[in-house]
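Novice: Single-letter residue listing:
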Amino acid sequence: MSTALSTAPEKLNGGSERAPDKRRHVPGEPGVWVFILGDMTVFAVLFGVFVYYRGKQPHLFGVSQKELHRSFGAINTLLLLTSSLCVITAVRAIRAQMRNLAPATIVVAFICGCGFLVNKVLEWSDLVSHGHKPVTNNFFMYFFVLTGIHAFHLIIGMGVLVTLFVFSRRKTLSKWQYTFVEGGACFWHMVDLLWVVLFALLYLMH
Amino acid sequence: MARRTDHGLHAQLATTIVVLVAFIKVRFIGLYFMELREAPVALRLVFEGYCAVVCAVVISCTSLVAGSPRIDLKLLQPSAGRAPAPAPDCGKGLTSTSRLARIISEFTLRLGRRLADPAASSTATAAPTALARIDVDTHNLVFDAQVKPYLTKRWQRYMDDFGLRQQAAYGLAVGQHPWRRGLMLGVPRASLRSRPRVLLSAAARGAPDRPGHPQPDATNLLSHDGPGFAERAHRRDRAGRKRLRT
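In order, the protein sequences belong to chains A and B.
Residues 1 to 206 (this note's numbering) are what the first sequence spells out, left to right.
Residues 1 to 246 (this note's numbering) are what the second sequence spells out, left to right.
For reference, chain B alone in the conformation it holds in the complex:
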């Protein structure tokens, strides 16, 4: 939420106005009290340049202070003749004053950059700077024994066969395969190279130990190792189980 002053004004706008008014006063002091109006043009230009540069730098710094995400001016001003650009999420709900404050601060920031490095600023401003979308995922941590009582029988069988997918271990998805251990976390068949085989073999294996449970059609599975991979994987699976029992 945007910070506001005691008077309900957007903080960034208030700061910009305060600094602008201060430097306008500085300019008047220079022109009328220091009598630079009658001074040589060079001296007057130096003074006015000082006011402009210091004012721009201070406002630019304060806009960075505010920590507001940088917004492309094009996103704030829909141009005629084409569909309005999608407003970024961070700009939603902005009042007109806060938009004006951001426009002013963005303008002064760009001005400062151009003064500092004209070549770099031309390329830097070309790229869009708005943050268009933020993707947030929430992953809970659950265990088989806790979840299983609440599932239907179908999904309970699925868990018996394939297990529950856990963090960073596709190998766990296929239950307790007695194959050689992968390199990752010691989980069976957890290595990147063997993950496709493990998943496909698990699908091909189905639930052979459960009477009445239909076997999946292994021939419909896509194979990374060419035709017949699923059958070979199924044979390896049975051999592995036998080896585990011994």
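Just chain A, with the same shape it has in the complex:
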């Protein structure tokens, strides 16, 4: 576990770079992927339930959907995609031993996550102030439940980003730490991925 990870391109005796490793590797570790795919499956079931009940009450869901502000959803999508881009940049910067770039991009990703949460709180408060609560009807019940569960994942992801920030400032990473960086990044991308589907289902679907 104490093996330090050297991510700089290794050189052969003759000075030329070693050929890149063609073996495929699992980002993070397999256990992380079991968790991520399981979580995605749970959300897939929730997506199916939402669409099913939308079919039961299409008019209600259509009218309620118009009460949402698409700009909130669009800005949130932009924030999460930007944060994902920052996280993958950070992971590649860590691999390339670019120690200054990685923490900065993770900070940007964290700020994007905070922006998402602030935006979400503003949206929720706006809806509640207009009398749209989870008990109002089925659409708002699913809206608050789905976005609430997603926001919970986002908060966990922000905790992961804090850990990534700490690791990214270290000069060397152990194998376990490097695996955590990759797995944590995948978790953050999963949060982004789920929001992309939620945005389409909740805000855009007719």
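Hints were generated in silico from the structure; no laboratory data involved.
Possibly wrong hints are sitting among the right ones.
[What the hints assert, rightly or not] Pairwise CB distance ranges (calculated):
no.: 1; chain 1: B; residue 1: 134; chain 2: A; residue 2: 134; range: 20 to 28 Å
no.: 2; chain 1: A; residue 1: 35; chain 2: B; residue 2: 28; range: 17 to 25 Å
no.: 3; chain 1: A; residue 1: 67; chain 2: B; residue 2: 134; range: 30 to 38 Å
no.: 4; chain 1: A; residue 1: 176; chain 2: B; residue 2: 37; range: 37 to 45 Å
Computed from a predicted model, the values in this text were never measured in an experiment.
The C-beta atom is built at its ideal place from N, Cα and C for all residues, glycine as well.
Let chain A serve as the given structure and place chain B on it in line with the hints.
Specialist: Just chain B now, kept in the frame of chain A:
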């Protein structure tokens, strides 16, 4: 009328495009951000399978949400070499985009069914699913006294003899026959078994009480009870009237 979005796009097509684009983005996030392009093939296949299955299920569900009648693809695509299949009534007036939306949604729906139950889907898709024709009848409710002043004398006599056909009572068509009551609604001779007799006897009876009104040729009537039925019915009719007077 098909629902449309604010941009004039068919709602079902818009939904299909939105969901497709969302899952294409999901796939790109997986391949490039999660770096599944360099992952083992099994993991990549699981992820791509997830995207495909969830996308298909969501689009299938949304096509059911739209409530559009299911249309057989064969009806939408006239094949070469034979006469084009008759387009169903519900498909008339469809634009090319809405047809495309229905084709996509139908395809994904079938795909989902095949994934769920391959054996059942092969038999289920064999049967035609289009609604070919809708027959609608409108029946007004009229009464003799209201209609009679507007009719010609000929039809007024017809009403005197046969009455006006009313709902669920052929027995009323023959006027007030004094025969025993049928089982249905207490209408005279309204039972199913006796309806043919009632109708034939009414035709044979004609209008005997009206001077100058010609008697119908009872021998030309088809009989359910063999030869001589019309004459026997006419005799029963006269006996019944006599019994009613007493």
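Novice: Now tell me if each hint is right for this structure.
Specialist: Status of the hints after comparison with the structure:
{"no.": "1", "hint": "B:134 to A:134: 20 to 28 Å", "result": "42 Å, violated"}
{"no.": "2", "hint": "A:35 to B:28: 17 to 25 Å", "result": "22 Å, holds"}
{"no.": "3", "hint": "A:67 to B:134: 30 to 38 Å", "result": "37 Å, holds"}
{"no.": "4", "hint": "A:176 to B:37: 37 to 45 Å", "result": "24 Å, violated"}
In summary, the numbered hints that this structure violates are 1, 4.
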